[in-house]
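In our numbering, the protein residues as written are 1 to 50.
Since the hints were made in silico from the structure, they are not lab data.
Each hint should be verified, as a subset may be incorrect.
The calculated lysine-lysine pairs, modelled on BS3-like cross-linking and capped at a C-alpha distance of 27 Å, are [claimed, not checked]:
#1 K3 / K33
#2 K33 / K43
#3 K3 / K43
Note that this is a predicted model, so its numbers are computed, not measured.
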Amino acid sequence: MNKSFEAWMRRRYGNRYDLTRDMHGYYCREIVKRMFEVWCECKGETSCNR
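Just need the whole structure built from these sequences, with the hints factored in.
Given below as structure tokens:
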């Protein structure tokens with residue numbers, strides 16, 4: 001799931017946003033967390049819990 005989001009982020013924004021994750025698998029940057037939530041909402045994914 002995160003791989004397709006990360007590929008979309010790289011295509012759209014290049015290396016502008018840091019996509020590193022913490023040891024629990026969550027994105028470190030708050031802006032990326034919010035973008036991921038919106039991306040999941042737009043895709044209609046209910047399994048986007050990270």
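Each hint tested on the structure:
Between K3 and K33, the direct Cα distance comes to roughly 14 Å. Compliance with the 27 Å bound is thereby established for this hinted pair. Between K33 and K43 the alpha-carbon distance is near 15 Å, which keeps this suggested pair within the 27 Å criterion. Our distance criterion of 27 Å between C-alpha atoms is met by K3 and K43, whose separation comes to about 14 Å.
Of the numbered hints listed earlier, not one is contradicted by the structure.
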